[in-house]
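Read in this note's numbering, the sequence shown has 91 at position 36, and its numbers run on one by one without any break.
Derived from the structure by calculation, the hints contain no laboratory data.
Where is the CB? At the ideal position from N, CA and C, for every residue including glycine.
Heads up, some of the hints might be wrong.
Cβ-Cβ distance ranges computed for the label pairs, FRET-style [claimed, not checked]:
| hint | residue 1 | residue 2 | range |
| --- | --- | --- | --- |
| 1 | His204 | His148 | 30 to 38 angstroms |
| 2 | Lys193 | Arg83 | 35 to 43 angstroms |
| 3 | Arg83 | Pro187 | 29 to 37 angstroms |
| 4 | Asn69 | Lys190 | 15 to 23 angstroms |
| 5 | Asn69 | Gln165 | 18 to 26 angstroms |
| 6 | Glu129 | His221 | 30 to 38 angstroms |
In silico DSS-like pairs for lysine-lysine, Cα to Cα no more than 25 angstroms straight-line [unchecked claim]:
| hint | residue 1 | residue 2 |
| --- | --- | --- |
| 7 | Lys75 | Lys145 |
| 8 | Lys102 | Lys237 |
| 9 | Lys218 | Lys228 |
| 10 | Lys250 | Lys102 |
| 11 | Lys250 | Lys218 |
| 12 | Lys193 | Lys250 |
| 13 | Lys229 | Lys193 |
| 14 | Lys228 | Lys250 |
| 15 | Lys229 | Lys190 |
| 16 | Lys193 | Lys237 |
| 17 | Lys237 | Lys190 |
| 18 | Lys102 | Lys193 |
| 19 | Lys98 | Lys237 |
| 20 | Lys190 | Lys228 |
| 21 | Lys218 | Lys193 |
| 22 | Lys98 | Lys145 |
| 23 | Lys250 | Lys237 |
| 24 | Lys229 | Lys250 |
| 25 | Lys228 | Lys193 |
| 26 | Lys218 | Lys229 |
| 27 | Lys237 | Lys218 |
| 28 | Lys218 | Lys190 |
| 29 | Lys250 | Lys190 |
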Amino acid sequence: MSKSQNAEGGNSFNGNWNDKTCFDWEMRNGIHLDNANFLNMYKETTKYIAELIPFETFTDLGGGVGAYSKAMREFGKTVYYYDANIHHHKYAHQYDVATRYFYSDFTRIQIEGDLVACIEVMEHIEDERLEPFLKRLKCNYFHFSSTPHTNPMDADWGHINIKQEHEWIELFKKCGFTFVQKLDRPTNWSLLFSK
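Given only the sequences and the hints, what does the whole structure look like? Please build it.
Listed below in structure tokens is the structure:
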């Protein structure tokens with residue numbers, strides 16, 4: 056079986072691990088919606104972003120277990136959740152994190168929204184797919200985070216596109232975005248763009 060097709064429901068991460076293995080690792084390591092600290096990180100992020108910029112709709116690309124979506128929905132925003140891992144999708148649905156759910160590869164479809172977020176996802180996607188997606192994306196603001204660090208689990212997790220901050224800023228600029236500012240939530244390497 057190829058990386059993209061296996062008995063465990065695919066490989067949306069582009070790594071050695073399949074989607075079920077990645078999901079199970081997250082559950083064992085506190086990346087879930089029963090972890091108050093993890094939820095609070097996204098509640099604080101939501102409050103911080105809402106004080107910075109105006110928006111009514113929130114689109115969560117590669118939303119994972121749905122912590123950012125859940126925080127935004129509880130804050131009163133209309134939330135659109137996208138993920139290509141069926142285990143994430145089912146889990147997020149179970150916790151009612153969004154207004155609407157999409158089980159798909161978001162890079163292949165038209166996305167629109169006031170605030171779009173992509174948190175710790177783009178390191179899994181090669182530039183050949185990111186560039187056309189970013190160029191056609193319609194949004195007012197884009198909240199971005201992608202680890203600049205390498206680690207021994209990169210091959211397992213599918214971290215195939217690790218860039219430094221200035222490289223991401225340059226890619227977004229090439230695709231029609233304007234860098235607004237650095238953010239320290241939910242990671243110290245988060246960035247805010249406008250388009």
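Within a Cα-Cα threshold of 25 angstroms, do Lys237 and Lys190 meet the stated pairing?
holds, 21 angstroms
Check the following: the C-beta atoms of His204 and His148 are separated by a distance inside 30 to 38 angstroms.
holds, 32 angstroms
Are the Cα positions of Lys193 and Lys237 separated by 25 angstroms at most?
holds, 21 angstroms
Restraint status (C-alpha distance of Lys218 to Lys229 at most 25 angstroms)
Measuring from Cα to Cα gives roughly 15 angstroms; hence the hint holds.
Lys229 and Lys193 were given as a pair; does the straight-line alpha-carbon distance stay at or below 25 angstroms?
Holds, because 15 angstroms separates the two Cα atoms, which is no more than 25 angstroms.
Taking 18 to 26 angstroms as the hint, is the beta-carbon distance of Asn69 and Gln165 inside that range?
The hinted range 18 to 26 angstroms holds for Asn69 and Gln165, with Cβ atoms some 22 angstroms apart.
Does the alpha-carbon distance linking Lys229 and Lys190 stay inside the 25 angstroms limit?
holds, 8 angstroms
If you draw a straight line from the CA of Lys228 to the CA of Lys193, is it 25 angstroms or shorter?
holds, 14 angstroms
Starting from the range 35 to 43 angstroms, see whether the pair Lys193 and Arg83 falls in it by beta-carbon distance.
holds, 38 angstroms
25 angstroms Cα cutoff - pair Lys190, Lys228:
Given pair Lys190, Lys228 holds - Cα atoms ~10 angstroms apart, limit 25 angstroms.
Verify the proposed pairing of Lys250 with Lys237, using a straight-line Cα cut of 25 angstroms.
holds, 16 angstroms
Within a Cα-Cα threshold of 25 angstroms, do Lys237 and Lys218 meet the stated pairing?
holds, 15 angstroms
Taken one by one, the earlier hints all hold for this structure without exception.
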